[in-house]
Amino acid sequence: MKKEPVFATLVLLSVMTSPTIMATPWHSNTKVGPESIVTKTSSKQNYVNAKTVKGTVVDENGIPIIGANIVVAGTTHGTVTDIDGNFTLEGVNNGDKLTISYIGYIEQSLVVNQNSEYKIVLKEDSQSLDEVVVVGYGTQKKVNLTGAVAAIGADEIIQAPVANISNALAGRLPGIRVQNTGGTPGAESSVDIRGFGKPLILVDGVEQPGFQVDPNEIESISVLKDASAAIYGVKAGNGVVLITTKKGAEGKAQITYNGSIGWQNFTSYPDMVDAAGYAELTDEDAINRGNAPVYGPDKLALFREGTQEGYKSYDWKDILTRKNAPQTQHNINVNGGTEKVKYFMSVGYLNQEGLYATKDINFSRYNFRSNISAKISKYLTADAQLSGHVQDKMAPYDDDTYIIHGITRMHPYYSPYANDEEGKHYGLTNFQNPLARSDADVSGYRKERKKLFNGVFSLKYDMPFIPGLSAKVLFSYLTKVEEFKTFAKEFKLYSYDKESGKYNTVFTGNSPSNLTRKDYTQEQNMLQFSLNYNRTFLDKHNVQALFLYEQREDLDDYLQAYRQFAIDALDQINSGSDKNKNNAGVASELANASFVGRINYDYASKYLFEFSFREDGSAKFYKNNRWGFFPSVSVGWRLSEESFIKNNTQIFDNLKIRASYGVMGDDQFLDSSGNPQVLPFQYLTGYNYPGGTNYIFGSDVVNSLITKGLANTEYSWLTSKILNVGFDASLWNRKLEASVDVFYRKRDGLFAYRSGSLPNTFGASFPQENLNSDDFRGFELVLGHTNTVGDWTYSVKGNMSFTRAKNRHIEQADPINSYKNWTSNFSDRWNNMSFGYKCVGQFQDQEDINNWAIQDDAGNTTMMPGDLKYEDFNGDGVIDNNDIQPITRSNTPEIYFGLDLSASWKGFDFSLLMQGATNYNVYMSGCLGNAMFNGSNTLECFMDRWHREDLYDPESAWIPGKYPSTWNSGKPSNTRVSTFNHISSYYLRVKNIEFGYTFPKEWLSKVYVERLRLYVSGNNVLTFDNLPFGDPEAPSSDRILYPQLKIWNIGVNVTF
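If you're matching positions, the sequence shown starts at 1 in the working numbering and goes up one per residue.
Mixed in with the good hints there might be a few duds.
[What the hints assert, rightly or not] When the alpha-carbon atoms are kept at most 30 Å apart in a straight line, the in silico DSSO-like pairs for lysine-lysine are as follows:
| id | residue 1 | residue 2 |
| --- | --- | --- |
| 1 | Lys797 | Lys247 |
| 2 | Lys54 | Lys141 |
| 3 | Lys142 | Lys708 |
| 4 | Lys142 | Lys359 |
| 5 | Lys378 | Lys51 |
| 6 | Lys1046 | Lys317 |
| 7 | Lys492 | Lys518 |
| 8 | Lys962 | Lys141 |
| 9 | Lys820 | Lys971 |
| 10 | Lys312 | Lys247 |
| 11 | Lys424 | Lys378 |
| 12 | Lys646 | Lys797 |
| 13 | Lys312 | Lys485 |
| 14 | Lys646 | Lys708 |
| 15 | Lys447 | Lys480 |
| 16 | Lys198 | Lys1046 |
| 17 | Lys142 | Lys54 |
| 18 | Lys97 | Lys378 |
| 19 | Lys460 | Lys447 |
| 20 | Lys460 | Lys252 |
| 21 | Lys460 | Lys142 |
| 22 | Lys735 | Lys906 |
| 23 | Lys54 | Lys1006 |
| 24 | Lys480 | Lys502 |
| 25 | Lys906 | Lys123 |
| 26 | Lys518 | Lys708 |
| 27 | Lys451 | Lys247 |
| 28 | Lys797 | Lys198 |
| 29 | Lys97 | Lys252 |
| 30 | Lys708 | Lys623 |
| 31 | Lys252 | Lys51 |
| 32 | Lys971 | Lys119 |
| 33 | Lys820 | Lys450 |
| 34 | Lys141 | Lys606 |
| 35 | Lys962 | Lys299 |
[Claimed, not checked] Computed Cβ-Cβ distance ranges for the label pairs, DEER-style:
| id | residue 1 | residue 2 | range |
| --- | --- | --- | --- |
| 36 | Ser511 | Glu955 | 48 to 56 Å |
| 37 | Glu955 | Arg304 | 18 to 26 Å |
| 38 | Gly877 | Pro209 | 26 to 34 Å |
| 39 | Thr823 | Val742 | 26 to 34 Å |
| 40 | Gly210 | Ala374 | 47 to 55 Å |
Rather than coming from a laboratory, the hints here were simulated on the basis of the structure. Virtual Cβ for every residue (Gly too), placed ideally from N, Cα, C.
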């Protein structure tokens, strides 16, 4: 059996299982079998008064079971086993019935007699080995799944504390692509399923906007990747993430505290040249252009010496950022209950500081949750789930473009302050001091507060007159409030005149000071009525059925106000000027109704069948196209249950072939940021007000009307058809597990405009239409091994996924010739294919230049050794647009992979998660592709360039290097999109690593502690990639934004 890692959460989870036991005498050598019973271990006198019972719980191989539950039946009095499988339970009377349970084992009670010590052997439950997985509107045993569903549990989610649970998914599940685009406090990773786009996220069945859930509240996360998502309708076209939170369990109250403190640093940031390097490159640029050097050899020598005023070097990365910014997380939860009422309550706090030296960027979040279940009668159960969070973010007014990116722009001989006087920030008109922009007291701030509350209430009635049938009504109310306050303060940058001793203003930013307030409120009401049926006939025919009606209403309200300030001492709207003030507001209301059905049938868990449907109605479309019917069907065959396998070998626990096919609708068409692109009510004609243009009549400013343009009554859902074929295998009592999935998704009716294919003189604006189409195809692999050897338990699990998408049709103008059709027609083409020039090397000398095709429109007279040379693709002797060819993929990886390792020995545990990606390209542009881009500073790597042995001697020999000789912003012929500045990339990152120790229970019993675990963990601690600089996950072409974070944590888990 698998010996689970010693996490405090398992104490909570184990109470929720339904196990069985066998107990054998302490000294017995009897073979363990179904007929085994509890026998006495010593002949002690029968006690009438309460006594203490001790014992050990082991599996059939004699291995201690950690965290098994021992409870006096009908009470909350109980305990759990320690790391050696031992337990001690006080206050027990002869005749009391004990139940011993643990995940994956069968429960059976024993009655306490005159004996006080027991050895208990738990027998594995073949049914519970079939993990229960959360699926759409219910749960299913994993072995009976016919769809592509991936899941992880609580113990994996809480490994290595993360600020956002989206970061915990990377590398753990096949087909789940997580791209951590930056480490800004409070940032979420970009998550998609199989490359389809942003998925639908549901927490306990209710849609929520993101992953801002405390990891300690989560029981499991399931991901629906194929037609199994169709049951969630129009928002589920990109797949569904189901987050299930923890519920109460029968037993005594357990209080658990989880806390950690971490220290954050950038994973990487490119080094910049110092003042001497910059001066050298500046002169080299001037000489290459035929101009006189700016500094000359004497001043260059002073820069290299770096001691005199005006020739010193400043490292702007050190000036602007700090090291070891703290991150703290705390959570305390209570779990317990009786047979009638069960409860789980949790509160959490997260605080994440940023790495700006000014400390003016930070994020905090408070989470709370209360899940209560009450059995009102034998047949009626009520559930109430209340949850929410409040999160605050503070940042300087300017974003990374001016601050982090400013490190690359500031010349290294610029001091942060004019004349080194603090408060007098130095600057030029074209280089705005990033230190001033990172200081909220100087240039202003951006504040965000987001509040979310969700209440879910349900009643479930098990109908006694129809066995297996239950009815449920559920109501959910969710409100979300987002408040944004942006205060841009006027600030000045200075230079210093030594002769006059005066400071001169050289730049004024954010003039005049101004304040913007934006308030966004959303309310969501959802009502569900459902019937569930679950029955087994003749011991082999298992039937499950669901019918559900759902209606939902969304109310949105947006309000904005803007004012300018003559005096910025008070940051309130009322303190602003009436001049140029502005306000805006809009409200909207949308409603949806849906009918949902599903039927599952399996014969002896051997032949599996599922059919589901959803009929959705949306007011976005014309009445004739308002309703859509979206069915799915899936089948499975468990070969391991066939007699020709089952009766001839004991190797296979599970062998299953499965397939699914479904049709899904989409009335949102989300972009890469998750914003809906569908415009509702395109079937209506009329006018928009205000129209965007104002007119003055006398002293009055009057808003205009503008026509809505052409109407479209044929406008409707886009449809996705998805096919998935899979194979699952489990061998040798689950020591080896494997899974393979192959999928194909085809979308039709993607929303687009005809403006590209019709004349501009048409005379009216076009409505959206269902014009475009695409498809996705790929595969996923999972392979895992788990084993126990003595006191050691280890696990190795790897996964890999491949996805590629193709544009089947893109509405656009017809190309003017066959070559343009080849380079510019995006229909029937892979959507990650990029065109450019093929770089075939660098010019070695003048003869090489003279013998090559013309590529500078000047007979190659501007070419010099070290410049890039390109393939003359069409062979006409000229390098121009007619030589463009397919050269690269996009910056989105086609292949993602992960490797999860874990091991435990007695009280020690270790886990390591590695994640990586490949088959993508990184475009090095801007300051990452050129030295002195737009006159800014230069990355140190560009010192490895072609240059003269003596910079100031044009007759000296050329010294080869990796990059061309310096040319401010890059010589045009060297900056073309080519295979030189597109790097075929890969990376492998140690996402999480954790070492922990759980103290023996006997050490803790005197201080009333059930469990205590200490750990050290790290996030993003190592990265292996082939990029010369920058983070391999950054999406930006110049990649100089707030980098990812490397975090080391120490933490504690304690249960009372």
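Next on the checklist: Tell me the hint numbers this structure goes against, listed in increasing order.
Outcome noted: 2, 3, 4, 5, 8, 10, 11, 13, 14, 17, 19, 24, 32, 33, 38 and 40
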